[in-house]
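A.B. asks: Starting from the known structure of chain A, fit chain B onto it as the hints suggest.
Note that the protein sequences, when read in sequence, are chains A and B.
Per this note's numbering, residue 1 is the first one in the first sequence, and the count goes up by one each step.
Per this note's numbering, residue 1 is the first one in the second sequence, and the count goes up by one each step.
If you are wondering where the hints come from, they were derived from the structure by calculation, not from laboratory data.
Using N, Cα and C, we set each Cβ at its ideal position, and we do this for glycine too.
Hints may contain errors.
Quick list of simulated restraints, FRET-style, between CB atoms [what the hints assert, rightly or not]: (1) A:Lys285 to B:Gly33: 25 to 31 Å; (2) B:Gly147 to A:Ala54: 36 to 42 Å; (3) A:Lys228 to B:Ala126: 44 to 50 Å; (4) A:Asp61 to B:Ala126: 41 to 47 Å.
Quick list of in silico lysine-lysine cross-link-like pairs, DSS-like style, CA-CA up to 30 Å [said to hold, decoys possible]: (5) A:Lys311 to B:Lys51; (6) A:Lys129 to B:Lys64; (7) B:Lys51 to A:Lys129; (8) B:Lys129 to A:Lys149; (9) B:Lys311 to B:Lys51; (10) A:Lys99 to B:Lys285; (11) B:Lys51 to A:Lys104; (12) A:Lys236 to A:Lys217; (13) A:Lys236 to B:Lys236; (14) A:Lys311 to A:Lys64; (15) A:Lys217 to A:Lys311; (16) A:Lys23 to A:Lys311; (17) B:Lys311 to A:Lys149.
2 protein chains.
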Amino acid sequence: MVYIGIDVGGTGLKAGVVDENGKILSKVSCPTGVERGHEAVIADMAQLALKAVAEAGLTIDDVKSVGIGIPGIQDPAREIVPFCTNLYWHEVPLVQLMKKVIDKPIFVGNDATVAGLAESVAGVSAGVKDSVFLTIGTGVGGGIVLGGKVYDGVHGVGSELGHMIICVDGEMCTCGNRGCWERYASATALINMGKKALTEHPDSLIGKDGADNISAKTVIDAAKAGDKVALEVYDKYIYYLCAGIVSIINFIDPEMIVIGGGVSAAGDFLLNAIRAKLPSMIFYKAMPYASIELATLGNDAGIIGAAMLGK
Amino acid sequence: MVYIGIDVGGTGLKAGVVDENGKILSKVSCPTGVERGHEAVIADMAQLALKAVAEAGLTIDDVKSVGIGIPGIQDPAREIVPFCTNLYWHEVPLVQLMKKVIDKPIFVGNDATVAGLAESVAGVSAGVKDSVFLTIGTGVGGGIVLGGKVYDGVHGVGSELGHMIICVDGEMCTCGNRGCWERYASATALINMGKKALTEHPDSLIGKDGADNISAKTVIDAAKAGDKVALEVYDKYIYYLCAGIVSIINFIDPEMIVIGGGVSAAGDFLLNAIRAKLPSMIFYKAMPYASIELATLGNDAGIIGAAMLGK
Numbered sequence: 001m002v003y004i005g006i007d008v009g010g011t012g013l014k015a016g017v018v019d020e021n022g023k024i025l026s027k028v029s030c031p032t033g034v035e036r037g038h039e040a041v042i043a044d045m046a047q048l049a050l051k052a053v054a055e056a057g058l059t060i061d062d063v064k065s066v067g068i069g070i071p072g073i074q075d076p077a078r079e080i081v082p083f084c085t086n087l088y089w090h091e092v093p094l095v096q097l098m099k100k101v102i103d104k105p106i107f108v109g110n111d112a113t114v115a116g117l118a119e120s121v122a123g124v125s126a127g128v129k130d131s132v133f134l135t136i137g138t139g140v141g142g143g144i145v146l147g148g149k150v151y152d153g154v155h156g157v158g159s160e161l162g163h164m165i166i167c168v169d170g171e172m173c174t175c176g177n178r179g180c181w182e183r184y185a186s187a188t189a190l191i192n193m194g195k196k197a198l199t200e201h202p203d204s205l206i207g208k209d210g211a212d213n214i215s216a217k218t219v220i221d222a223a224k225a226g227d228k229v230a231l232e233v234y235d236k237y238i239y240y241l242c243a244g245i246v247s248i249i250n251f252i253d254p255e256m257i258v259i260g261g262g263v264s265a266a267g268d269f270l271l272n273a274i275r276a277k278l279p280s281m282i283f284y285k286a287m288p289y290a291s292i293e294l295a296t297l298g299n300d301a302g303i304i305g306a307a308m309l310g311k
Numbered sequence: 001m002v003y004i005g006i007d008v009g010g011t012g013l014k015a016g017v018v019d020e021n022g023k024i025l026s027k028v029s030c031p032t033g034v035e036r037g038h039e040a041v042i043a044d045m046a047q048l049a050l051k052a053v054a055e056a057g058l059t060i061d062d063v064k065s066v067g068i069g070i071p072g073i074q075d076p077a078r079e080i081v082p083f084c085t086n087l088y089w090h091e092v093p094l095v096q097l098m099k100k101v102i103d104k105p106i107f108v109g110n111d112a113t114v115a116g117l118a119e120s121v122a123g124v125s126a127g128v129k130d131s132v133f134l135t136i137g138t139g140v141g142g143g144i145v146l147g148g149k150v151y152d153g154v155h156g157v158g159s160e161l162g163h164m165i166i167c168v169d170g171e172m173c174t175c176g177n178r179g180c181w182e183r184y185a186s187a188t189a190l191i192n193m194g195k196k197a198l199t200e201h202p203d204s205l206i207g208k209d210g211a212d213n214i215s216a217k218t219v220i221d222a223a224k225a226g227d228k229v230a231l232e233v234y235d236k237y238i239y240y241l242c243a244g245i246v247s248i249i250n251f252i253d254p255e256m257i258v259i260g261g262g263v264s265a266a267g268d269f270l271l272n273a274i275r276a277k278l279p280s281m282i283f284y285k286a287m288p289y290a291s292i293e294l295a296t297l298g299n300d301a302g303i304i305g306a307a308m309l310g311k
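For reference, chain A alone in the conformation it holds in the complex (with noise of 0.2 Å):
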């Protein structure tokens, strides 16, 4: 049997056919087009997933089930996606819309936690029992997988990592708390340090392809060029990420938090300086604790892991 993985994104709609230790079989992607609505997503998405089908060669008679990732959650209790934003969804029934078309078990989750399901099925963090998986980009996304199962809560809200508070009467955050993790260990969070730093330092390396083009690459690679003004600022971010990754390791202790998303492209420089900001900043500095790794599975777990979802 196999597995059919849904990736729905706010521009692209990937599907694919996955096997049971997480290898991609087929793969097919089209346009979103949120502006016509769920009815319509969701047709394309089941059209995608039967073509992702035809495509490995296969029949709807080989697939044990439907997995979908998206940017939001489904409400467990009444099997409806109360509101994605990134979608302009609010209160489809998501589940039921697909079933019309393939009538297989068909399981939802947050595309953070699918991406941390694919890479402790295929990925970095196979035969790890417990791990976080951590998706820093634009936002903070986390995915909690404990014993080999996603964990997103009783009422399926939880592993929001990007919302612990991290700093209580700091940063606005578009949740309306202040302080949220997010604000401050987010690309978006690195590039307003950047630029804020490049004001107060327009000679910094920061500022090299002009002040209104700074990306979290442009602060990493002038922190990595060894620019003073870049280090500080590239510093006091891996703290602010440490604040958040010792929270996780005091909370629940995972054996890994496996770090993806456009910030863990940075690849060792970020690794090493995390690791060696860490052992200051456990608690039990005489334990072990979760090793930090970075994601290997890119722009597939999420299919990978929507799939996986129905293991």
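C.D. replies: Using the frame of chain A, we list chain B on its own:
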């Protein structure tokens, strides 16, 4: 079959015999006498346990297991208590020493963790799938129960909820980090906030027993009495408390969060304040989230929870 539970504190030892429903059948106690060293203390623990069995009118053959709650942790990989500050223990083979006297399965858990387990067996969270227990006193301790079982992490260093960082660059903590939750949400924190406020507003009811006699109760009583300064302090304290509670909800989304420890003596005044503040801080505002409740087992939680480690 029955279960022995031993509650190890810095000043007193308690042991009890507990049935499978978490009901205490007998309990006995004696001073800890930490200055005598761990071997003497553990020998006393074993004798106290045997005394509790006799007092329940049972024999050791009726006992299924022995559970021990300590103000620290055990390294699960080595079955060693690496350190226990209040007991002056360092690298203590607790299980091995206890087993020499009572040859039954021996389980060791953190005191806050076992109190959480007790509540989930015989207290307010009985029947609840996933719960988080908070003991708010000198510090803030945490216990996580998932699916009826203690969850304390892969290396046994989890559920140190008082050391989630809620204020980067904030107050210095004994653990070496800045901004740990217990620096803001413990009774100690409330007392410090009360003292500071009294310095600025010497007429506040907070000082009615003198500036040197401020307790969490003094501040809370002054707030209950409508003292404006005390109410401001209390409101800020509740915000700090909720910052951590919201982080817990956004992280693992439990069914219930149970509040115990000294500060929980404030009862409904505390509960109502938390429940009033939370809705505006919740991430998924339209979704159900954890109920917040007061612990019900009080001092018996230590014995019951330790005993239930073997269930």
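A.B. asks: Now tell me if each hint is right for this structure.
C.D. replies: Outcome of the hint check:
1. A:Lys285 to B:Gly33: 25 to 31 Å: holds, 28 Å
2. B:Gly147 to A:Ala54: 36 to 42 Å: holds, 40 Å
3. A:Lys228 to B:Ala126: 44 to 50 Å: With Cβ atoms ~58 Å apart, the hint is violated.
4. A:Asp61 to B:Ala126: 41 to 47 Å: holds, 46 Å
5. A:Lys311 to B:Lys51: violated, 51 Å
6. A:Lys129 to B:Lys64: holds, 29 Å
7. B:Lys51 to A:Lys129: It is violated: about 40 Å lies between the C-alpha atoms, which goes past 30 Å.
8. B:Lys129 to A:Lys149: Since the Cα atoms of Lys129 of chain B and Lys149 of chain A sit roughly 16 Å apart, the hinted pair holds (cutoff 30 Å).
9. B:Lys311 to B:Lys51: Holds - the C-alpha atoms of Lys51 of chain B and Lys311 of chain B are around 21 Å apart, at most 30 Å.
10. A:Lys99 to B:Lys285: holds, 28 Å
11. B:Lys51 to A:Lys104: Given pair Lys51 of chain B, Lys104 of chain A is violated - Cα atoms ~60 Å apart, limit 30 Å.
12. A:Lys236 to A:Lys217: holds, 16 Å
13. A:Lys236 to B:Lys236: Cα-Cα ~27 Å, so holds.
14. A:Lys311 to A:Lys64: holds, 9 Å
15. A:Lys217 to A:Lys311: Distance ~37 Å between Lys217 of chain A and Lys311 of chain A Cα, so the pair is violated.
16. A:Lys23 to A:Lys311: Roughly 13 Å separates the two Cα atoms, so the pair holds.
17. B:Lys311 to A:Lys149: holds, 24 Å
The structure fails to meet hints 3, 5, 7, 11, 15 from the earlier list, while all remaining hints are met.
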